[in-house]
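Residue numbers (full-length UniProt numbering), protein chains in the order written: chain G, 1 to 295; chain E, 1 to 295.
The set of hints was computed from the structure by calculation and includes no laboratory data. Fair warning: there could be bad hints in the mix.
[Said to hold, decoys possible] Listed next, the stretches of chain E that the computed footprint assigns to chain G, with coverage defined by at least 3 CB atoms under 8 Å from CB atoms of chain G:
id	region
1	120-131
2	160-169
3	184-197
4	220-227
[To be verified] Short derived list, chain E residues pointing at chain G, Cβ under 8 Å:
id	residue
5	HIS97
6	VAL114
7	PHE115
8	ALA116
9	GLY117
10	ILE200
[To be verified] Here are the simulated distance ranges between beta carbons:
id	chain 1	residue 1	chain 2	residue 2	range
11	G	LEU70	E	LYS53	45 to 51 Å
12	E	ASP282	G	PRO42	17 to 23 Å
13	G	MET290	E	SER177	41 to 47 Å
14	E	GLU19	G	PRO42	47 to 53 Å
15	E	SER177	G	GLN275	28 to 34 Å
16	E	GLN244	G	LEU70	23 to 29 Å
17	G	ARG198	E	ASP125	37 to 43 Å
18	E	ASP125	G	HIS97	41 to 47 Å
None of the values given here were measured: they were computed from a predicted structure. For every residue, glycine included, the Cβ atom is placed at its ideal position computed from N, Cα and C.
Number of protein chains: 2
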Amino acid sequence: MNNPIGIISMQFARPFRREHLGLFARMKELGFDLVELLVPEPEEGLDASDVRKALDDAGLTIALAARVSLTRSISDGDPAIRLAGSDYLKYCIDLAHAVGAISVGGPLYGAPMVFAGRAPAPVTDAEMKAREQRVIEALSKLSLLANGAGCLLALEPLNRYETDVISTVSQAMRVISAVDHPSLGLLFDTFHANIEERSIPDAIRLAGNKLVYFQGNENHRGFPGTGNMNWPEIMKALRDINYQGPITLEPFRRDDDRIGLPIAQWRPPHEDESQKLIASIDLVRACAHMAEFQR
Amino acid sequence: MNNPIGIISMQFARPFRREHLGLFARMKELGFDLVELLVPEPEEGLDASDVRKALDDAGLTIALAARVSLTRSISDGDPAIRLAGSDYLKYCIDLAHAVGAISVGGPLYGAPMVFAGRAPAPVTDAEMKAREQRVIEALSKLSLLANGAGCLLALEPLNRYETDVISTVSQAMRVISAVDHPSLGLLFDTFHANIEERSIPDAIRLAGNKLVYFQGNENHRGFPGTGNMNWPEIMKALRDINYQGPITLEPFRRDDDRIGLPIAQWRPPHEDESQKLIASIDLVRACAHMAEFQR
Numbered sequence: 001m002n003n004p005i006g007i008i009s010m011q012f013a014r015p016f017r018r019e020h021l022g023l024f025a026r027m028k029e030l031g032f033d034l035v036e037l038l039v040p041e042p043e044e045g046l047d048a049s050d051v052r053k054a055l056d057d058a059g060l061t062i063a064l065a066a067r068v069s070l071t072r073s074i075s076d077g078d079p080a081i082r083l084a085g086s087d088y089l090k091y092c093i094d095l096a097h098a099v100g101a102i103s104v105g106g107p108l109y110g111a112p113m114v115f116a117g118r119a120p121a122p123v124t125d126a127e128m129k130a131r132e133q134r135v136i137e138a139l140s141k142l143s144l145l146a147n148g149a150g151c152l153l154a155l156e157p158l159n160r161y162e163t164d165v166i167s168t169v170s171q172a173m174r175v176i177s178a179v180d181h182p183s184l185g186l187l188f189d190t191f192h193a194n195i196e197e198r199s200i201p202d203a204i205r206l207a208g209n210k211l212v213y214f215q216g217n218e219n220h221r222g223f224p225g226t227g228n229m230n231w232p233e234i235m236k237a238l239r240d241i242n243y244q245g246p247i248t249l250e251p252f253r254r255d256d257d258r259i260g261l262p263i264a265q266w267r268p269p270h271e272d273e274s275q276k277l278i279a280s281i282d283l284v285r286a287c288a289h290m291a292e293f294q295r
Numbered sequence: 001m002n003n004p005i006g007i008i009s010m011q012f013a014r015p016f017r018r019e020h021l022g023l024f025a026r027m028k029e030l031g032f033d034l035v036e037l038l039v040p041e042p043e044e045g046l047d048a049s050d051v052r053k054a055l056d057d058a059g060l061t062i063a064l065a066a067r068v069s070l071t072r073s074i075s076d077g078d079p080a081i082r083l084a085g086s087d088y089l090k091y092c093i094d095l096a097h098a099v100g101a102i103s104v105g106g107p108l109y110g111a112p113m114v115f116a117g118r119a120p121a122p123v124t125d126a127e128m129k130a131r132e133q134r135v136i137e138a139l140s141k142l143s144l145l146a147n148g149a150g151c152l153l154a155l156e157p158l159n160r161y162e163t164d165v166i167s168t169v170s171q172a173m174r175v176i177s178a179v180d181h182p183s184l185g186l187l188f189d190t191f192h193a194n195i196e197e198r199s200i201p202d203a204i205r206l207a208g209n210k211l212v213y214f215q216g217n218e219n220h221r222g223f224p225g226t227g228n229m230n231w232p233e234i235m236k237a238l239r240d241i242n243y244q245g246p247i248t249l250e251p252f253r254r255d256d257d258r259i260g261l262p263i264a265q266w267r268p269p270h271e272d273e274s275q276k277l278i279a280s281i282d283l284v285r286a287c288a289h290m291a292e293f294q295r
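For reference, chain G alone in the conformation it holds in the complex:
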């Protein structure tokens, strides 16, 4: 297995502005092949041609992470919010085309929960069914656009606290099957799967050839190898389905040496994490390589 290894842009900076483009060379130097860039808001003023040039200079490929909200959400009952959701994803697809990104991934269905200040609350069966239909309808159209733009859409299940739309691979596969377009696939994040799936390897095998993007995160979202994830088993499952896409890391740093930790919030880097990142890449690559011999 020789999957490209990626790193989320906010590992280094958030928001990611023009002055951060030099970090691409740093990522490459650490051993990464790909950067997963949080889609910049238009007002953040990141120019697509600047991004593309910086990527070329660094020899890095790119994938995009879409940022949905309660006001741009293709699953919403309000047609204006739904339209804003579609328009936003079109903007992401256009940007993907402009920077040469392989995919636009994330909770594309919208309706974020805890980080948007929305607490879990019961939803009627009728509304659940309606959301599903709205998501299928919007993604059917967007898949055609993505195809034209030469990128994939990667639908990501999130854990029960972050969404009440799609939390498991099984649910995501229902939408992906209904849309049934080669430009729509699955994004698998082990952090979320560790909360929702009965078995991470089984869930990977369920995704099968629909898996187009993989985020390898620890159970506690720290650096791979510092938690309870069974990386050899995970890589064997990826090998089982002949997955050749990116394996991206998002080792959000934590701060729990004191009471009242803000584990759930993104924090800027507070130390040089180079050695931890290099060790993480080494671990993922070693397990991926070893998976070839464990059949």
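Assemble the complex: chain G is given as a structure, and chain E must be docked to it using the hints.
Same frame as chain G, now just chain E:
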């Protein structure tokens, strides 16, 4: 290991009213030794002497699960909310005495997050420190009361989405050490630990003789044995620290055969779960027994 095996009351009914007291006999019949009762609100009209009689009739012991809120919270900066938090926990301790409960457990520090509609947001260092001091001060007084009432207080870390006060055993141990009273100990829930701890067995060993209550839940909160928890390793860690307290199950049922699952909400039973509960008890007991021979 011959730990009492418990079941949360809401597995059968919520709210748990007088007409549900007959369920105690059903719990005993299934093989449970203990019921973990959600502390009833005064207006729910559950009489302590009725509870005690039903427990005696069924031959069941009891522990209480406290229900904090944003308006009764010993960590809050508002003295009125803090007082309401202390008063509520005093009510819980009085109830524990009246029904003969061994402990009052839960996120006693208050300030619930996602289920109270509060999204994660940064907290200043000063406020984090102040929260810690308020929790230590309140629990120091409440520990004396608990001692007089013959029950324990069991402090429960919750995952990053449900609290930003105490999410790890390490953090809880700081408060428990500062209070330093034999009536205050730790409540360990494997579901939360699976999201926050680097190693569940290591976290159990860190708690050591301060562990007074244990909730054995799957990674996805379903029935033990249906997820990715390593039950033999967990029971070996409990054996390492000579834990003799309850092992309680809270296998919240889920409903993810469709899109838009409300995984995060409690749902009433929709089928006879007797066989799943019996199998869960058997699994926990078998792993606990086997732990005696794996040294």
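Going through the hints against the structure:
Coverage of the region 120-131 of chain E by chain G holds [criterion: at least 3 residues with CB-CB distance below 8 Å; count 8]. Counting residues of the region 160-169 of chain E whose C-beta sits closer than 8 Å to any C-beta of chain G gives 8, which meets the bar of three, so the coverage hint holds. Evaluation of the coverage hint for the region 184-197 of chain E: fulfilled, as 4 residues show C-beta separations to chain G shorter than 8 Å, against a requirement of three. For the region 220-227 of chain E, the stated coverage by chain G is satisfied: 4 residues place a CB nearer than 8 Å to a CB of that chain, which reaches the threshold of 3.
Annotation: HIS97 (chain E) was flagged as interfacial toward chain G, and the flag is violated, the nearest CB pair being 29 Å apart, outside 8 Å. Of the supplied interface hints, the one on VAL114 (chain E) holds, with its beta-carbon coming within about 5 Å of a beta-carbon of chain G, less than 8 Å. Annotation: interface hint on PHE115 (chain E) holds; nearest CB of chain G at approximately 6 Å, less than 8 Å. The beta carbon of ALA116 (chain E) is positioned within 8 Å of a beta carbon in chain G (closest approach about 7 Å), and the interface hint is therefore held.
Residue-level restraint check for GLY117 (chain E) holds (minimum Cβ-Cβ distance to chain G is 4 Å; threshold 8 Å). Satisfaction of the interface hint for ILE200 (chain E) is found here, the shortest Cβ-Cβ separation to chain G being roughly 7 Å, below the 8 Å cut-off. Judged by the Cβ atoms, the range 45 to 51 Å given for LEU70 (chain G) and LYS53 (chain E) holds: they are separated by roughly 50 Å. Here the CB-CB span from ASP282 (chain E) to PRO42 (chain G) is close to 59 Å, at odds with the stated 17 to 23 Å.
The supplied range of 41 to 47 Å is met by MET290 (chain G) and SER177 (chain E), whose beta-carbon atoms lie about 42 Å from each other. Distance hint check: the CB atoms of GLU19 (chain E) and PRO42 (chain G) are about 59 Å apart, inconsistent with the given range 47 to 53 Å. Evaluation of the 28 to 34 Å hint for SER177 (chain E) and GLN275 (chain G) yields a pass: the beta carbon distance comes to about 32 Å. Restraint check, GLN244 (chain E) to LEU70 (chain G): a C-beta distance of roughly 48 Å breaks the suggested window 23 to 29 Å.
Take ARG198 (chain G) and ASP125 (chain E): their Cβ atoms lie about 40 Å apart, and the range 37 to 43 Å holds. Taking the beta carbon of each, ASP125 (chain E) and HIS97 (chain G) are about 44 Å apart, inside 41 to 47 Å as hinted.
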